[in-house]
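Asks: The chain contents come next:
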Amino acid sequence: MEYFLSEQQKTLKSLARQIAEQRILPVRAELDEKEEFPWDLIKEMASSDLLRVFIPEEYDGLGGGCFDLCLVVEELSRACGGIAISYAANALGVLPLMLYGSDSQKAKYLPAVASGNRLAAFAVTEATAGSDASAIRTSAKRDGDQYVLNGTKQFITNGGEAEIYTVVVMTDAAKGSRGASALVVEKGTPGFTFGKKEKKMGIRSSATRELVFRDCRVPAENLISREGMGFIVAMRTLDRSRPGVGAQAVGIAQGALEAAVEYAQQRVQFGHPISAIQAVQHMLANMATELEAARALVYATARTIDAGAKSFTEESAMAKLFASDMAMRVTTDAVQILAGAGYMRDYPVEKMMRDAKITQIYEGTNQVIRSAIALEVLKRKAKLE
Amino acid sequence: MTSDGSGDIWVVTEQRDGRTKAPSIALIGKARKLAGERQSRLTAVCLSQVVEDAAQLAAYGADRVYLLDGPVPDDWNDDAYVKELVDLARREKPDVILATSGSLSSSVIPRMAVALDTGVSPNCISLDFDHQSRMLVQTRPAFGGSLMANVVFPNRRPQIATVRPHAFKKGDPDPSRQGEMIRVDFDRQAVSAKTKLLNVVKDLSGKVRLDEAEVVVCGGRGLGKAENFQMVAELAEVLGAALGTSRPPVDDGWVPYAHQVGQTGKIVSPRLYIACGVAGAPQHLAGMQTSEIIVAINEDPRAPIFEVATYGMVGDLFKIVPLLTKKLREARG
Amino acid sequence: MNVIVCIKQVPAKIKIEIDPKTSALASGGVDRAINPPDLYALEEGIRIKEKTKGKVTVLTVGPAKADESLKEAIGYGADDAVLLSDPAFEGSDTWATSLVLAKAIRKIGQFDLVLCGKQSIDGETGQVGPMLGEALGVPFVSLVNRIDELGQESIKMMRMSDEGHQLIEMTLPGVITVVKEINVPRIPSLRGLMAAKKAAITVWNARELGIDPATVGMAGSPTRVSRVFFPQRASQGEMLQGDPESQVEQLVERLRQTRAI
Ligand SMILES: Cc1cc2nc3c(=O)[nH]c(=O)nc-3n(C[C@H](O)[C@H](O)[C@H](O)COP(=O)(O)OP(=O)(O)OC[C@H]3O[C@@H](n4cnc5c(N)ncnc54)[C@H](O)[C@@H]3O)c2cc1C
Ligand SMILES: Cc1cc2nc3c(=O)[nH]c(=O)nc-3n(C[C@H](O)[C@H](O)[C@H](O)COP(=O)(O)OP(=O)(O)OC[C@H]3O[C@@H](n4cnc5c(N)ncnc54)[C@H](O)[C@@H]3O)c2cc1C
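Protein chains in written order, with my numbering: chain L, 1012 to 1396; chain Y, 36 to 368; chain R, -11 to 249.
Hints are supplied without guarantee of correctness; some may be wrong.
Which residues of chain Y face chain L? A partial, calculated answer using Cβ under 10 Å [unchecked claim]:
1) His166
2) Asn263
3) Val273
4) Thr299
5) Ala314
6) Pro317
7) Gln318
8) Glu334
9) Pro336
Hints listed in this document are in silico derivations from the structure and should not be mistaken for laboratory results.
Where a beta carbon is used, it is the ideal one built from N, C-alpha and C, also for glycine.
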């Protein structure tokens, strides 16, 4: 479909594709196998300005919005979902600052992220607080002009590799979810260490680690917005970032569809390419249709956000939900079309299937996402405006 | 130039270790035929005076052999070669100058052409005289070989073409043919040395990069064991080809992974792919089926490789491959 | 150091197809790109400029829309670009193209090194670089795969020969063609590419270059393409018969006929 991209967006998309095809494709299987974080690829993205895309212009960024970010994430994901998430989680890490940070906080952190000198990460999840984010226990006690952090965050993307962490902690447990606050913690702060890199099913080149805080002292000026705003910051951040997960899903599915089409035209059984078999054709037709529907929803949501819509919790949740479920189906069908070959690690589609799975889990499991959507639907009684 | 415009034909030959390279000899043979058709004189030009087999050039058809004052044979002195060829051509005004493609055509030949105020038709695969226009019609590939073009020189002379190394079959020598041997002395000092050869690094491995090779010889599990790869390596050598393999020989450690062709190896698309003892599994075909010409040697007539083969040979590769190597080696001389 | 890089705009895909209705040649759609082998020359030029605090000027002979490729080259890091364009240049062969380039370089005046790619992916001649060297009357070295030393007066480099490699010293100014072993071209930056889209591209025509239109283009070119045709494909799927000797005999004959060897 023609999505009428601007000149800059076309250039951005083709640049991301150039990086994906020339630099990522040749190494994706190896990085997956070795579970290696792709630092040199991050550097390459930085030098080509891809890390500037989502940062405002006054902080050395390109001022692109949610849509520009989605275009890049999609292109990177088409080659490798793991590398794409390392890129996207960096954007997620600075979103709280972009939305709620003070001018001096922005001036301190955003240019370094724009240039790629420092990566960022965002941390809410804990062992006992997954879907139920309000159950977080990591505490930050005010002590003079410092906060003292104690607790452990879990499953944090870019953990250990990033320099800048936006962390949601409890400043006043008694207030429940109104007692949470968001803070910036820099790598290297005494009392801040990392757990070992998790061994994952998919997106294996990305780094996922625990963040461990033991009497970790952070300057009070690192507080983002006000005390008690922690969950608001987190929710608004996720509202903006979920279309990015949708874009990741769209990109992974695109890669899988291409691989399936290519294989179907080559593989001969019963004397003709399997692409001549109607059962296979219909699978391909469904894959392509669902993929395009998901892409259209993700793009429309991202553009809505960029156009300045006030509330988009529902749209953003829908984009993530629909695209991630679609990606799971499309990658599973791609493996089905390649069949035995698809099940082998020598072919790319089994990795895509493994990579697709995470998009149904993080930034809200699809069950939680559905509940959130349902809540909105019921609130407005599903009336068309 | 003779009155009817059919002047001399020159072939600029290449020597290594004082001996003329086989493609140059083959080109002399082709030029002999062209010269015969229009009764022109054929001159072989050697860029060195140390040519042991100069008499051979006459035997293959040269009426005259020019031995240009060269430094040490194999030495590199493009500036001098250009100057000498240009001086000589200005004096003698040949109608046609031919050379094989390779290093010469990436430098000496086009530079000589510009100095003589004429063009070059590079990398030709066939040469014919058009008797009506009395022009040389040069056929050369473009667009990755997907297109052929006939090239002519409507009004400039000499007509200069370089040809692919194996475009022509070596002719039959006639030892009784005598050629005139002419030494041409040049004042090398007069060539202002703007380029200087400092060192030569010979690449002894003779390795051709698999994904760039024009010809690939591939051995599969049918070879039986590592030692037998020597046989296909020899065939590859004669053809100037890269060595490929299927997955099993790599898994068994007979051949390094870098040689694997296929889905999980290299994707190749050479002009000629010779598969020896390869079954032709889809994963292998995925890496080579776009090759222009595929030759399959397999003892099992039902092997799927025959479905993509341009030329199929059912039989024992241990008989066929050495025969083929021998035959090609003879043809090369 | 003043570096000049000569690039060519080529079809982005070189797949040639015949239109089944009109039998016309369709050369892979309308997308055009910088000739991939030229990207190595451009990269090397930019590296030299970065090392020597010099300047890279990119030249191309082509139609008006070839300016897109020049802008892209600026996006990669070239400082300046000149499009050499004139209806009179159409149909130029390698000789005429190198003549136009030589005139443009003479017009630019000061230069130390001219870099060209090994060959174009459409015409595949590899002749423009060496011809340009001769037309400029400066030294020339082909197939350079490594630059070892670059001084004010001379350059030391490795070139690929038929038998291996040669280390060569060349006085400057001069012209070289480079092969892809020489570097890994960078990926340009978005800001660079966007800024380059606005770059003003100088255009010089035949008159401005002092070129007599009769000496270039179809009319002025020494060589002319008299016919274009599709190569005869080897016949598909022939099983060679007979004993091994006669099979080998037949194979060699077939390969020769189809010019595969
Ligand atoms: C690779 C990876 C990277 C991650 N990166 C980050 C990161 O960078 N930052 C970060 O903060 N977190 C990150 N996470 C955490 C991620 O967001 C959580 O895993 C996710 O929110 C789900 O939490 P959980 O795993 O604890 O599942 P649980 O909450 O234990 O859920 C278990 C099951 O119960 C269902 N369930 C639970 N509650 C409900 C409900 N209310 N309604 C319906 N169903 C429900 C879930 O859908 C699921 O099926 C990452 C996780 C992974 C695996
Ligand atoms: C995920 C995956 C990826 C793969 N990737 C690749 C890949 O990249 N490249 C690849 O090549 N394979 C790949 N394979 C393996 C592929 O499926 C085949 O197993 C392999 O190509 C077979 O190699 P072969 O033809 O050499 O061996 P075989 O199948 O054992 O065939 C040997 C052939 O030699 C013939 N032969 C034996 N002796 C003689 C003789 N004396 N004279 C003549 N003929 C003889 C036999 O008739 C037979 O046809 C992959 C497989 C999988 C599952």
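Asks: With 10 Å as the cut and Cβ atoms as the points, is Y:Glu334 at the interface with chain L?
Replies: Violated. Min distance 23 Å.
Asks: Hint Y:Asn263 vs chain L: min CB-CB distance below 10 Å?
Replies: violated, 26 Å
Asks: Any CB of chain L closer than 10 Å to the CB of Y:Gln318?
Replies: At about 7 Å, which falls below the 10 Å cut-off, the nearest Cβ of chain L leaves the hint on Y:Gln318 intact, so it holds.
Asks: Do the numbers back the hint for Y:Thr299, that is, is its least Cβ distance to chain L under 10 Å?
Replies: holds, 4 Å
Asks: So, Y:Pro336 near chain L? Judge it on the closest CB pair being under 10 Å.
Replies: violated, 18 Å
Asks: Min Cβ distance, Y:His166 to chain L: is it shorter than 10 Å?
Replies: Since chain L brings no Cβ nearer than about 48 Å to Y:His166, farther than 10 Å, the hint is violated.
Asks: Do the numbers back the hint for Y:Val273, that is, is its least Cβ distance to chain L under 10 Å?
Replies: violated, 33 Å
Asks: Return the status of the interface hint for Y:Ala314: holds when the least beta-carbon distance to chain L is below 10 Å, violated otherwise.
Replies: Since chain L brings no Cβ nearer than about 15 Å to Y:Ala314, farther than 10 Å, the hint is violated.
Asks: Does Y:Pro317 pass the interface hint, meaning its C-beta sits closer than 10 Å to a C-beta of chain L?
Replies: holds, 6 Å
Checked against the numbered hints given earlier, this structure breaks hints 1, 2, 3, 5, 8 and 9; the rest are met.
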